[in-house]
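*Asks:* Residue numbers (the working numbering), protein chains in the order written: chain G, 1 to 107; chain V, 1001 to 1528; chain L, 2001 to 2153.
Careful: at least some of the hints might be erroneous.
[Unchecked claim] Using 25 Å as the maximum straight-line C-alpha spacing, the simulated PhoX-like pairs for lysine-lysine come out as follows:
(1) V/K1345 / V/K1224
(2) V/K1345 / G/K12
(3) V/K1327 / G/K12
[To be verified] Quick list of simulated restraints, FRET-style, between CB atoms:
(4) V/R1064 / L/A2091: 51 to 57 Å
(5) G/E89 / V/R1064: 46 to 52 Å
(6) V/R1097 / L/V2059: 47 to 53 Å
(7) L/A2091 / V/P1127: 45 to 51 Å
(8) L/V2059 / V/G1482: 45 to 51 Å
(9) G/E89 / V/H1460: 39 to 45 Å
(10) V/V1177 / L/M2083: 53 to 59 Å
No lab work stands behind these hints, which were simulated from the structure alone. In this text, a Cβ means the ideal position worked out from N, Cα and C, and glycines have one as well.
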Amino acid sequence: MFKFLKLGVLKKGVQTRDYPRERAPAFDAFLGLPMVDMERCDRCAACVSACPVQAITMLPAEIEISAERCIFCAACVEACPGAMTMGKEFELASLSRDGLKVVYRRG
Amino acid sequence: MSGEGLRSIVRQLPSEVMVRIDRHEIEGRDLRLVIRPDGLVPLAGHLRKELGARLVTLHATDDRALEGCFKLHLVMAPQGMDALVSATAPLGLGEWRYESLTPTINDADWYEREIQDMFGLVAIGHPDPRPLVLHEDWPEGKYPLRKDFLTGERPPRVKGEYHFTKVEGEGVYEIPVGPVHAGVIEPGHFRFSVAGEPIINLEVRLGYVHRGVEKLSESTPYPKGVHLAERISGDNSVAHSTAYCQAVEALASCQVPERAEHIRVVMLELERLYNLFGDIAGIALDTALSVAAACGYLLREKAMNLNECLTGSRLLRSVNVLGGVRKDLTPNDREKVLATMVKLKLEFDDLVTLMLSSPSMMDRVETTGRLTREMAVDLNVVGPAARASGVDRDVRRDHPYAAYGNLNFLVPTQSGGDVAARMRVKMDEVRESFSLIDQALDGMPAGPVRAKLGSVPQGHAACSLVESPRGEIVHWIMAGRGAPARHKVRDASFCNWLAMEQAVLGNIVPDFPLINKSFNLSYAGNDL
Amino acid sequence: MDEATERLGEELKARIRRTFGRSLSIREVDAGSCNGCEVEVNALTNAVHDIERFGLHIVASPRHADMLLVTGPVTRGMLPALMQTYKATPAPKMVVAMGSCAISGGIFRGTYATLDGVDKVLPVDAYIPGCPPRPQAIIQGILLALDRWESKA
Chain G
1 MFKFLKLGVL
11 KKGVQTRDYP
21 RERAPAFDAF
31 LGLPMVDMER
41 CDRCAACVSA
51 CPVQAITMLP
61 AEIEISAERC
71 IFCAACVEAC
81 PGAMTMGKEF
91 ELASLSRDGL
101 KVVYRRG
Chain V
1001 MSGEGLRSIV
1011 RQLPSEVMVR
1021 IDRHEIEGRD
1031 LRLVIRPDGL
1041 VPLAGHLRKE
1051 LGARLVTLHA
1061 TDDRALEGCF
1071 KLHLVMAPQG
1081 MDALVSATAP
1091 LGLGEWRYES
1101 LTPTINDADW
1111 YEREIQDMFG
1121 LVAIGHPDPR
1131 PLVLHEDWPE
1141 GKYPLRKDFL
1151 TGERPPRVKG
1161 EYHFTKVEGE
1171 GVYEIPVGPV
1181 HAGVIEPGHF
1191 RFSVAGEPII
1201 NLEVRLGYVH
1211 RGVEKLSEST
1221 PYPKGVHLAE
1231 RISGDNSVAH
1241 STAYCQAVEA
1251 LASCQVPERA
1261 EHIRVVMLEL
1271 ERLYNLFGDI
1281 AGIALDTALS
1291 VAAACGYLLR
1301 EKAMNLNECL
1311 TGSRLLRSVN
1321 VLGGVRKDLT
1331 PNDREKVLAT
1341 MVKLKLEFDD
1351 LVTLMLSSPS
1361 MMDRVETTGR
1371 LTREMAVDLN
1381 VVGPAARASG
1391 VDRDVRRDHP
1401 YAAYGNLNFL
1411 VPTQSGGDVA
1421 ARMRVKMDEV
1431 RESFSLIDQA
1441 LDGMPAGPVR
1451 AKLGSVPQGH
1461 AACSLVESPR
1471 GEIVHWIMAG
1481 RGAPARHKVR
1491 DASFCNWLAM
1501 EQAVLGNIVP
1511 DFPLINKSFN
1521 LSYAGNDL
Chain L
2001 MDEATERLGE
2011 ELKARIRRTF
2021 GRSLSIREVD
2031 AGSCNGCEVE
2041 VNALTNAVHD
2051 IERFGLHIVA
2061 SPRHADMLLV
2071 TGPVTRGMLP
2081 ALMQTYKATP
2091 APKMVVAMGS
2101 CAISGGIFRG
2111 TYATLDGVDK
2121 VLPVDAYIPG
2131 CPPRPQAIIQ
2141 GILLALDRWE
2151 SKA
């Protein structure tokens, strides 16, 4: 009846991770919010047309990426591997919708 | 081989079907027929009776702009052949009625109700013409998949009433459950009719998660459609995106590199693993075997962690792109997968021993929720649920795709048809998945991981089958200008919900969550 | 567990107690998601993430809940059920929109059957982006919502 005691299921030790105390860093491959390297961006808008959810907006002097809409699919990085990268940040929660917008400016 | 088989199918068609066929062609594994609408019923009846064919999909298209009519599309797969028989039946000008197939082949039931909701085409003689996907507050005369209905149109709500099947008699009472459930699961409504404890009727009412995927897909260019397909049923992302990619690749005659096909197999099996771990843990949880449940969910967490490490997404999203896969598997990734698999295998064996040697658990699962073989065949049940009822059917073996043709695996079956049988099938499938991942990694050739897609010619249609963790899923795409002109998705759950209505009969209400968990059907995939 | 973790846990418990007088109960409502978010909410209760260590419970009924965790773009079919669930939740209550669909409609934005996000129909206290957000991100979002609650109260 107590066969399962022999199976090692009780020998696993503590499995719980102490997030948020213990950081849970994202893997290299992690798909977070896209980031723009403005030095390398030539404003061709390839990312804007590749995005399936219109999360990227090309403003006159800046580029706005909206975490409200982003589905973290990496389509923009596929379209523009030069200037776009997927961020590693995952703690993106915000109390307002404005807090979900990230704006990139040159310089 | 299959070309000859298909020719003999054509030769053996009865004369009443033959005279109604306008054109037929054989291409690869497909037999395509253009048939008059009154030929559909005898054709389906013949294929079912003589060839044991199962219904793959039945849907409509709106071709009024070009040809002035709606068309019905019937796809069936004859038993034991890697072949599909597709019949297209253009309805007459202005015609909106056709003869129902349901009295001849039962499994056409929900398909015809769906066509009625989405296109306003009525199946004459259908035993249950109530709406299926759209609810009673949807106005009459609005049919979302017709071309004159705009994607963004939001018709006002109207007053309407939905009639559930009434069971009457002394001591019979109803228990309504849902759409918001006690557990963290998707929404759906269950109406039980109960006499004492045993369930004497269950009616499942879905459609709460209908998001308009098929309509949306018609305005989504192919490359973006992959991301939409991933979100049809959240935990079957790879299966759905693979099915979508394969259909578009077939339309564009694009040959996917072998390495990419192997990576797809690895990803499909990783997806199967984390789903099956969750299913097995869920069964343990619902039988109150908490230790096993915790171990099972731990396995699932480890599998999902591996997913995140490999692809950046715990649910394996953004794996597929048209023409291949997004990201190559590096030697480092390979080591990581192999090392994790060794650990998971050991822990999984412990979990299985723990569950199967627990009398309290086996007592709950044995003889509970029995689905007979006849019922499974009749309702065209797919996936682990079918295999647990003795229906030996697996798309990976019967219609090989990706690299499955080169790999060796068993298709586990059971004959019991109860929760225990479904649990055992899932346990055996986990082991096969481990072996498939090993084989796919071993046999992975070097080379590129994606090919250029090329152009997708308009007007053609392709049908792609994939075995998801829940069973066979179908994506049928008719090419339009840069996006599908019609994209029909059929999730495994669409076939299996009716089976669950049957499997719970005679069981007590407290066993319902357990039976539901053993099927583990998708609501989102069903409602689209 | 080391001392620091215990201290953090205590701080958090104290904060929850201050706000609600007890632990925080969460009711998850699927308003049309693809099931991806449900998978991650379920993962919150497994041994690795175990949100019970903060005194956060996922409860079976909105009548027991302090917080509604809403996923999905709010489909036409789920709107009445979502409103009923919100009404059934006793005040004070908060609403957290989880996942891109719940925030803006995500990939389903603009279809005939969806309503483009939870804040079109309910007041939302916090947003957790992600498709779906990983469990750590959900924990962070819930803790952030608690902050807001304190500043309001």
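*Asks:* Output the indices of the hints that this structure fails to meet, ascending.
*Replies:* Hint check: 1, 3, 10 fail, others pass.
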